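2 protein chains.
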Amino acid sequence: MNHSQLFRNIKGKRSFLCVGLDSEPDKIPSSLLKGKDPVFEFNRRIIDGTHKFTVAYKPNVAFYECNGSAGWETLEKTANYIKENYPEIFLIADAKRGDIGNTSKMYAKAFLEKMPFDAITVAPYMGEDSVTPFLSYPDKWVVLLALTSNKGASDFQYHNEDGIKLFERVLTVSQKWGNTDNLMYVVGATRADMLKEIRKIVPDHFLLVPGVGAQGGSLEEVVKYGMNSSCGLLVNSSRGIIFADSTDNFDKVAGEKAEEIQTEMEKYLMERNLI
Amino acid sequence: MNHSQLFRNIKGKRSFLCVGLDSEPDKIPSSLLKGKDPVFEFNRRIIDGTHKFTVAYKPNVAFYECNGSAGWETLEKTANYIKENYPEIFLIADAKRGDIGNTSKMYAKAFLEKMPFDAITVAPYMGEDSVTPFLSYPDKWVVLLALTSNKGASDFQYHNEDGIKLFERVLTVSQKWGNTDNLMYVVGATRADMLKEIRKIVPDHFLLVPGVGAQGGSLEEVVKYGMNSSCGLLVNSSRGIIFADSTDNFDKVAGEKAEEIQTEMEKYLMERNLI
Numbered sequence: 001m002n003h004s005q006l007f008r009n010i011k012g013k014r015s016f017l018c019v020g021l022d023s024e025p026d027k028i029p030s031s032l033l034k035g036k037d038p039v040f041e042f043n044r045r046i047i048d049g050t051h052k053f054t055v056a057y058k059p060n061v062a063f064y065e066c067n068g069s070a071g072w073e074t075l076e077k078t079a080n081y082i083k084e085n086y087p088e089i090f091l092i093a094d095a096k097r098g099d100i101g102n103t104s105k106m107y108a109k110a111f112l113e114k115m116p117f118d119a120i121t122v123a124p125y126m127g128e129d130s131v132t133p134f135l136s137y138p139d140k141w142v143v144l145l146a147l148t149s150n151k152g153a154s155d156f157q158y159h160n161e162d163g164i165k166l167f168e169r170v171l172t173v174s175q176k177w178g179n180t181d182n183l184m185y186v187v188g189a190t191r192a193d194m195l196k197e198i199r200k201i202v203p204d205h206f207l208l209v210p211g212v213g214a215q216g217g218s219l220e221e222v223v224k225y226g227m228n229s230s231c232g233l234l235v236n237s238s239r240g241i242i243f244a245d246s247t248d249n250f251d252k253v254a255g256e257k258a259e260e261i262q263t264e265m266e267k268y269l270m271e272r273n274l275i
Numbered sequence: 001m002n003h004s005q006l007f008r009n010i011k012g013k014r015s016f017l018c019v020g021l022d023s024e025p026d027k028i029p030s031s032l033l034k035g036k037d038p039v040f041e042f043n044r045r046i047i048d049g050t051h052k053f054t055v056a057y058k059p060n061v062a063f064y065e066c067n068g069s070a071g072w073e074t075l076e077k078t079a080n081y082i083k084e085n086y087p088e089i090f091l092i093a094d095a096k097r098g099d100i101g102n103t104s105k106m107y108a109k110a111f112l113e114k115m116p117f118d119a120i121t122v123a124p125y126m127g128e129d130s131v132t133p134f135l136s137y138p139d140k141w142v143v144l145l146a147l148t149s150n151k152g153a154s155d156f157q158y159h160n161e162d163g164i165k166l167f168e169r170v171l172t173v174s175q176k177w178g179n180t181d182n183l184m185y186v187v188g189a190t191r192a193d194m195l196k197e198i199r200k201i202v203p204d205h206f207l208l209v210p211g212v213g214a215q216g217g218s219l220e221e222v223v224k225y226g227m228n229s230s231c232g233l234l235v236n237s238s239r240g241i242i243f244a245d246s247t248d249n250f251d252k253v254a255g256e257k258a259e260e261i262q263t264e265m266e267k268y269l270m271e272r273n274l275i
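So the sequence lines, in the order shown, correspond to chains A and B.
For the first sequence, position 165 (counting from the first letter as 1) is numbered 165 according to the numbering used here, and the numbering increases by one without interruption.
For the second sequence, position 72 (counting from the first letter as 1) is numbered 72 according to the numbering used here, and the numbering increases by one without interruption.
Chain A with its partners taken away, still in its complex shape:
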């Protein structure tokens, strides 16, 4: 999927919502626990209940790996289920990988070749040759960590050389490795006004914004400072949607929560004359 196709999907769904499938096994509704693969069944119903309002899903790989090889099977089944049933969905592996070239190549194979992910989140610490192997797949994307929304972000991401913070250097330098059709950035939303400065460095790239919803970020602020002429935003919500209800009605409630966000997103897209 390229940049135009992603924007077209956003216009079609009137949404730039990404649903994070942080499907922690211990939080799955008890009604599912007697099944063979409760996490997959949970995901399947969440996906069926929310896909109309959603342009992207983002399984967080840690929540599958914690179940070992069985968890990886659940991840594979989830990715395949999405692509078989909702092929328009932009599918992101939230894996935060990154290693020397020959190793990143193997991670790329795992997520972009063996599984049908469109994109993978990558950590920038090891530099160019740790990122470019993921960029060699046509129509696949790297979502590079730039500014994250957690407390520890301040430990290193603001390390400042001559007025350039590390995350700004990541944004500047990495633009040479890819383009707006295969590279987007994770930009934390806890301080939405920082998006204004970030947009000066990356005006045209898509940004994946975590932390709206349960973690308290404001969608309105993110749109105000982050939206561009092709939307340029995927805004993620995980727990606020998938764990909104713990009864067997969880999929219906998740759909309602996703629709609430989609409705707000539709309003912003209309205000900007993008739909």
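Rather than coming from a laboratory, the hints here were simulated on the basis of the structure.
Check before you lean on any hint, since a few could be wrong.
Which copy is meant is left open, because identical chains are indistinguishable; a pair holds if it fits in one copy or across any two.
As a list, the in silico SDA-like pairs of lysine to any residue whose alpha-carbon atoms are at most 20 Å apart [as the list claims (entries may be wrong)]: (1) Lys114 to Gly68; (2) Lys200 to Asp162; (3) Lys165 to Ser154; (4) Lys105 to Lys151; (5) Lys27 to Glu113; (6) Lys77 to Asn67.
Source: prediction; values computed, not measured.
Start from chain A and add chain B according to the hints.
Just chain B now, with coordinates in the frame of chain A:
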């Protein structure tokens, strides 16, 4: 395993060799390919052939993930095989994980609880709360990326704030999160003289040094600048040992290569009166 036990094992084996199990499926000797799990069979024979000369094994997780959930099963079998047969071995998951706290907690569960790894490599970009969940397991370790040996290391790791490079900040700041019993650092060996400066910041921590052997680093230089009074070094070799021979004799040749390095290591340990 704590710092003293690791040093005791080094003295017992007269070696500080870590063998990297970068067991790329495409490079497995053809004689194994008809078996049910060629990579596990390869690892098993490599381990049996090299364990006498080795204090640590380091499976590189990417080379298992590239086979999907089946690859994860191979990883689980490999980790269990090592701990069941050679419990004195220090077992490192080279996984380069790191995410927000609740996610790192799940990665920690995957590697330090569901699998019997003693340690996991972690990327520092997201800061303290991405690292500390791995440190909450008694006798388990984080191996934190500081200075890596790849070309891309220069893209960000040297980002310099007031004379402090990013990798130096990682070494300084992270020492508050753990101690010499649960935290060691990845320090690339392509420029061994940099170890001298690094030892000023972390005189007592163990360092995991990749890139000696096939990648051309000099063991003598690493020892000269990096060894401390409790050895303080694990030096890794991967391809130079495990892929030294492509016939069915590969395990014997791997053992010979490992013994060559162990013999050199023994000499350095004796020169320093550590054994």
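Tested hints:
1. Taking the shortest Cα distances, Lys114 and Gly68 sit within 20 Å of each other both inside one copy (18 Å) and across copies (7 Å).
2. Proximity of Lys200 and Asp162 under a CA criterion of 20 Å is satisfied intra-copy only: 18 Å inside one chain copy versus 25 Å between copies.
3. Both within a single protomer and between protomers do Lys165 and Ser154 lie at most 20 Å apart by alpha-carbon distance, with minima of 11 Å and 16 Å respectively.
4. For a Cα distance limit of 20 Å, the shortest separation of Lys105 from Lys151 across copies, 15 Å, qualifies, whereas the shortest one inside one copy, 31 Å, does not.
5. In the homo-oligomer, the alpha carbons of Lys27 and Glu113 lie at most 20 Å apart only across protomers (19 Å), although the nearest pairing inside one protomer, at 30 Å, exceeds that limit.
6. Both within a single protomer and between protomers do Lys77 and Asn67 lie at most 20 Å apart by alpha-carbon distance, with minima of 14 Å and 15 Å respectively.
In this structure, every one of the numbered hints holds.
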